[in-house]
Structure formats: structure tokens, C-alpha cells
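Chains X and Y supply the protein sequences, listed in that same order. Per our numbering, the very first residue in the first sequence carries number 23; after that it's consecutive. Per our numbering, the very first residue in the second sequence carries number 23; after that it's consecutive.
Heads up, a few of these hints could be off.
Because identical chains cannot be distinguished in the list, a pair is counted as satisfied if it fits within a single copy or across any two copies.
In silico EDC-like pairs for lysine to aspartate or glutamate, Cα to Cα no more than 16 Å straight-line [what the hints assert, rightly or not]:
hint : residue 1 : residue 2
1    : 286       : 328
2    : 286       : 332
3    : 286       : 60
Treat the hints as calculated values from the structure; they're not laboratory data.
2 protein chains.
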Amino acid sequence: MSEKRELRAEPGADTGALRVNAVSATEVFGPDAPLALDCGVSLSPFTIAYQTYGKLNADKSNVVLICHALTLDQHVASRHPLTGKPGGWWPMMVGPGLPIDTDRYFVICQNVVGGCMGTTGPKDIDPKTGEPYGLSFPVITIGDMVRAQAMLLDRLGIKDIFCVIGGSMGGMQVLQWTAAYPGRVFSAIPIATAARHSAQNIAFHEVGRQAIMADPDWKSGAYLNDGTNPAKGLAVARMAAHITYLSEAALHRKFGRNLQNREKVTYGFDADFQIESYLRHQGMSFVDRFDANSYLYITRAMDYFDLAADYGGVLANAFQETKTRFCVVSFTSDWLFPTSDNRQIVHALNAAAANVSFVEIDTDKGHDAFLLDEPEMFATLKGFIASAAERRGLGR
Amino acid sequence: MSEKRELRAEPGADTGALRVNAVSATEVFGPDAPLALDCGVSLSPFTIAYQTYGKLNADKSNVVLICHALTLDQHVASRHPLTGKPGGWWPMMVGPGLPIDTDRYFVICQNVVGGCMGTTGPKDIDPKTGEPYGLSFPVITIGDMVRAQAMLLDRLGIKDIFCVIGGSMGGMQVLQWTAAYPGRVFSAIPIATAARHSAQNIAFHEVGRQAIMADPDWKSGAYLNDGTNPAKGLAVARMAAHITYLSEAALHRKFGRNLQNREKVTYGFDADFQIESYLRHQGMSFVDRFDANSYLYITRAMDYFDLAADYGGVLANAFQETKTRFCVVSFTSDWLFPTSDNRQIVHALNAAAANVSFVEIDTDKGHDAFLLDEPEMFATLKGFIASAAERRGLGR
Chain X
23 MSEKRELRAE
33 PGADTGALRV
43 NAVSATEVFG
53 PDAPLALDCG
63 VSLSPFTIAY
73 QTYGKLNADK
83 SNVVLICHAL
93 TLDQHVASRH
103 PLTGKPGGWW
113 PMMVGPGLPI
123 DTDRYFVICQ
133 NVVGGCMGTT
143 GPKDIDPKTG
153 EPYGLSFPVI
163 TIGDMVRAQA
173 MLLDRLGIKD
183 IFCVIGGSMG
193 GMQVLQWTAA
203 YPGRVFSAIP
213 IATAARHSAQ
223 NIAFHEVGRQ
233 AIMADPDWKS
243 GAYLNDGTNP
253 AKGLAVARMA
263 AHITYLSEAA
273 LHRKFGRNLQ
283 NREKVTYGFD
293 ADFQIESYLR
303 HQGMSFVDRF
313 DANSYLYITR
323 AMDYFDLAAD
333 YGGVLANAFQ
343 ETKTRFCVVS
353 FTSDWLFPTS
363 DNRQIVHALN
373 AAAANVSFVE
383 IDTDKGHDAF
393 LLDEPEMFAT
403 LKGFIASAAE
413 RRGLGR
Chain Y
23 MSEKRELRAE
33 PGADTGALRV
43 NAVSATEVFG
53 PDAPLALDCG
63 VSLSPFTIAY
73 QTYGKLNADK
83 SNVVLICHAL
93 TLDQHVASRH
103 PLTGKPGGWW
113 PMMVGPGLPI
123 DTDRYFVICQ
133 NVVGGCMGTT
143 GPKDIDPKTG
153 EPYGLSFPVI
163 TIGDMVRAQA
173 MLLDRLGIKD
183 IFCVIGGSMG
193 GMQVLQWTAA
203 YPGRVFSAIP
213 IATAARHSAQ
223 NIAFHEVGRQ
233 AIMADPDWKS
243 GAYLNDGTNP
253 AKGLAVARMA
263 AHITYLSEAA
273 LHRKFGRNLQ
283 NREKVTYGFD
293 ADFQIESYLR
303 HQGMSFVDRF
313 DANSYLYITR
323 AMDYFDLAAD
333 YGGVLANAFQ
343 ETKTRFCVVS
353 FTSDWLFPTS
363 DNRQIVHALN
373 AAAANVSFVE
383 IDTDKGHDAF
393 LLDEPEMFAT
403 LKGFIASAAE
413 RRGLGR
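Chain X with its partners taken away, still in its complex shape (with noise of 0.2 Å):
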């Protein structure tokens, strides 16, 4: 059963979301519809909680699918319920006449399974204990996300997908969806990603996740039974990871040694330097919008993830029954999905003979610049997007 809400122009409303007919909507799956986690158990019932943005034409050819990030969400393109901030994460990406035109296509966006926006997670209620799931919640597989995904898919009617694209973890979910479904996606964009999580990035998720299991306040997962929360340990795991996300150089030219309101150390252990204070705030902003145990399992699925490793050990393999149509991104300063990881993607798609194009952008701004203002990108993606849609017929 699905519920859906299309927002209108009320008084106080987000006419930004008007423009790009933003719906919010849910969709229930009940004990006919299981979720076959690779893990070996039956997630039901489950709910998956989506937005979709522009109009499904009559053939139902003009889908785009956006898979989010590790701690982003479905709000891509309005205003986030939760942080209020307007125009989604993804505002330069996704709207009129934009790369991902909310004119031409019909955009949906899922929360992950194990997520914490709507979609079934660990800090929804068990049906079976009538208490939250916590860490009885199965460990699940970004194969699990796209399988969900699926699912939603079929529920809605939508067969074929005319484009899939996504940033880092989304990025992940993408090659998931035109290794596991050749023939439903006819265009893929992998974006800042890799096909394997590295060991490095499995460290650094593993100090995020033992920072969040260090607070007492975590109480094995169960925090919510107890009403406490650990935003002590998900605000330090949140600071370790945020550093990844940017650049030396980016780090350098925004906050450099430049210390916050102050014009001189305060030989203490104070914010002195604005790169502290940011920081801090990303550490606390993030603990009002985003569950511990969510955070938890979403990093194991991407630590979890090696897609040669289903395929026999060969990338090419994942690949070798494809027609899908790939543009592959990545930033000169990324170093947590470094261009070298990215490149991977790309040579295992030739080796299957697959088409595929290869921008790497300069920039800076490090992993995060999939999600900012950087045109390279912008100019790249809506070339590939207009061009696939050309041959997909999908006339103006």
C-alpha cells in the first residue's frame, strides 16, 4: 500500500518544490513481499520511504533513479523535513533545465534500507518484539539496498530505468543496479566511487563505528528502549569522517590556521582555530538528523561491498551481459574514492566491452564536490544525460 503526499501551493509552502513537483511517498511492503537480504534473512514487513520528483510519461521511459550517499537521503531536490534546509542535496543537479531535468524526467530517490528517513531500519519497531530493532536488525548489502530498490520499482510498474546515477555510496548502488539488473538500466553514472571499499576506508569507518559503540549512551544499540542517545560517539565518528570528505587544499584555502573570533591562542582546549569550530558543528548538526545505528550498518554495507568478489573475482564479469551506457566521474582531490579507484570501474567496463566515458574533474574541493558547484561536472553530466536521452528517443 503506498501513501503519497504532492506538495501544494499552501500559504508557507516550498514553491521551489512546486516547481519540480516534488511528491513524498511511502510504500508499505506487507508478508507477501519479503526482502531477501543476502545476509540469509526475510526483512518483513518492510516500508521503503521515496520522493520523486517531475512526471512519469505514458510508456514509462523516462525514469532516473538517484541513489544517495552514506548519510544523505531521498530529499534530493526539496526542502529536508528534518534540517529544514531548502532545495535538497542536490540542488544544482536536479530541477528545470537542470543536468537531471525535472521537466524531461520523472526522479526518484530511495531511502536505503537500514536507513533512518522513512525507509525500514534499525530504529524502527520489530514486529516480532514490539521494540526497536537495534542491533537485532540484519547486517545489509548495498546488493540489499538495490534489491529494495527493485522492488519499489516493480510495485510502481516501472520496468526499465533510463538513467542511474549516484555519488559515492550511491555511486556503489549504481554498479549493484547494472551488474544485478543488465537489462533494466539503459544509462549509469557511477560518480566518486569504487567498486571495493578500501582497507583505508574501512578504517576510517571502523573508528566512526567504535567512537559510536565507545559511548555509554550507545547501551549495546538499545538507546532507544532506554531513551538515551549516543550523539557523543556519532558526533566524533561524524568529525573523523567529514575530514575525508574534503581536501588538504580545500581545508588550506577555507579555514587555513585562521582562528574563530579571536585573535590569539587561548593556550586552552577551546575552538582557537575555525577548522575546530566547523568541525564541531558538523559533529553536532549531523546527531539531530541522523540515527547511530543506521550509521552502523550503512558503513558495513559499503565496507561490505566487492562486487568482483560475486562475480568470481573478475570486474569485467559484473559486466559482461551489459548494454547499459556509463560515464564514469571522478575529482583530481578525492582521496577517499581516489581516480585510481574510479579508473578501476572504468578498465574492468572496457575489458567487457561496455561504452563507456571517463571525466576526471579538477577541483579542489576533495569527495565532496559531487555535491557542489562545480560546472565541469554540471556541463559533463548534462551532455551524457541529454545525449543517452536522444538516443533512448526520449525527444523533447
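Once you've looked at the hints, dock chain Y against the given chain X.
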């Protein structure tokens, strides 16, 4: 008043230590000799704990001063009293016939002020209150560390240093020595360091400090009074820092995505991957040998380090009077103190018309390379030190 303990050939004694003539000593500076700190406080009384190796020659001209890094200590070339690790932290650098040849030089390494291995720091008793200092310990700087070291050398009657050497924070002290005492240093070897701590490095330190402070057992720094220990927070801090000491390539080579004593992932939050198990071990073993408040103070000292700022904003001015011979060493895969940071030091030395050689060592071992088996580094430093000794008239 000084107290020394020379190692004798007793059964079970550290014969390696005998070979290098290891002496453990402490020196107490009473009310007549306070340490004037940069923050304005006079620290008094205070103690310096140090190690010496080799023999001081008659004219006291063969002194090599080793400055230790953030979490290291004075136990350079002999068994560590807490961990029992034989040979110290620089076993391939310091010893008979090694680059820092204990048959030729008199080697001194002092535990830094603010440390926790015998030199006065936040875990010691404040004589004014009879309680451990905790956060009432004054914030110290790299300048303070070096000032204290100079007081010890004065007390020992040592005017000139033949060579001052150190990596990372040790390299900061080396630079500070040459700037603050231009007449006392014949040669200087800053390794894998910087003349100012970068925004990214401050950010990583801030994450570590917040992890410690988030631990309720930290008790606002007064954990020693309460008999608690913020071990979990300190372990998380160490884990985050440890990643920065390695390189992505080294992590990939050593661990990759190898599983820890299992054939499949467990779909849980145990240490499935070797890198997780390794990091957890690094965190847990660190807390047995290090004090959490010392970690706060010493990271802060590094953050505050900005040598140019003390010289009108022009780094070259710090070396205007120098007659010291410099050898600057960096490592290609060090992303914590990258070659660019080290090259800035070289440029400033060039601008000051100083005598400087610069070597970038090709290695995948990251920042920690200075502590590891790097034959090119050993060969470079052996040559530089031997050549400096010849010019200093330190014949065999």
C-alpha cells in the same frame, strides 16, 4: 638534583642496552629554576626524564639530541619500561655502527614537558593542591618543550649540540632548536615534519581530543582523582591518528580486504577484516602506555606550532642567523606531513642562505616510514652525520 640508573650486566638485564651504554636519568628543577612557558605561566618545580646512550667526550662536543614524536618517549634505543619492547623505538637508527653511532656520539633523548613518561605533565601532582594537575596543567608549546630541553643541557654543562634530529613532532622541535638557539646547533635533521601544523592535521587532532573528551570516564580531565580512565576515548583517538600515519598503499599491501581468521564475512560488527582487528589492537595497546590528558596537551602543542608566526610571518627570518647544516627528509607517501610541507622548510632555509640538503625518500610506508626500515634514509643520514662529524672535528 639528578638521579641516574646505569644498566649493569645482571641476569635478565637488557644486554642490548649495555651495548649502547643506556642510562635512565631524571633531573629535578626546583623553585630556583622555573620553566617560563609561552602561555605566561612559570612551571615550577618540574622534572625531566631522559635517556642517554654512548659516552660524552672530554670537550662535550659529541652530543646528538633526539627529539621524540607525539606518542613516543625517551626510550630510543633500549627496552621500554612499560611495553617491554626491546631495542627502543629507533633500533635501526641508534646503536653501534648505526647512523647515530653510540660508539662515537653521546645521545640524549628527553621526554617532552607535558608527557607521561617521567617528565612533568598533567598526570603529575600539582604541589599547590596535592592533586594531579589534570586540565589545570598549563598548555605547553613546542617552544616550551625545547626551552626545557635547553635547561637540561645547561644543567649537564652541555653548551653545543653536534646534531639535533627528530621526525614528525620531533622535527618541529628540531626547527625550534635551530631558530631559538642558532649558536648551539652544529647540524639539524628535521624528518617528515612541517614549520606549521596544517588545517587538516589540526582537524585530525581535534577529532582525537573530542573522542577523549566524549568519554564520560574522562571526568573533565580529573579522571585520576576519580580512579577512572578514558580508555575507550583514547583508543578511538589513537585509531583515527594511526590511519594518518600509514598510507593507502601500505594498508592495501598489508591488509587489503583480507578477513581476520574467517573465510566469510559474519554479517555483524565484529572485526571481520584484518584492518579492523589491527586498528582495534593499536587502540587498546596504546591506552596501556599513554595518558589521555598528555595526548590532549601534546596534540595542542603541535596545533599551535607555526614557526613563521614568531618571526614576522616570514619563515626564512627564523633561520636568518643560522650556521647550522641542515638535512631535511620527507617521504613520498607521507600525507600527514607531505613533501610539500618539508619543501617549505627547504625554501625558507634557501632564502636564508643556509646550508641545506633535502632528500625525498621513495616509499609506500607513509608518515611512519621514519620509524621503519628505510635503507635509503639510513644511508642518507649516515652519510650526512659522518660528514658533519668530520667538519666538527669529531674524528674516530
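Q: Identify every previously stated hint that the structure contradicts and give their numbers, smallest first.
A: none
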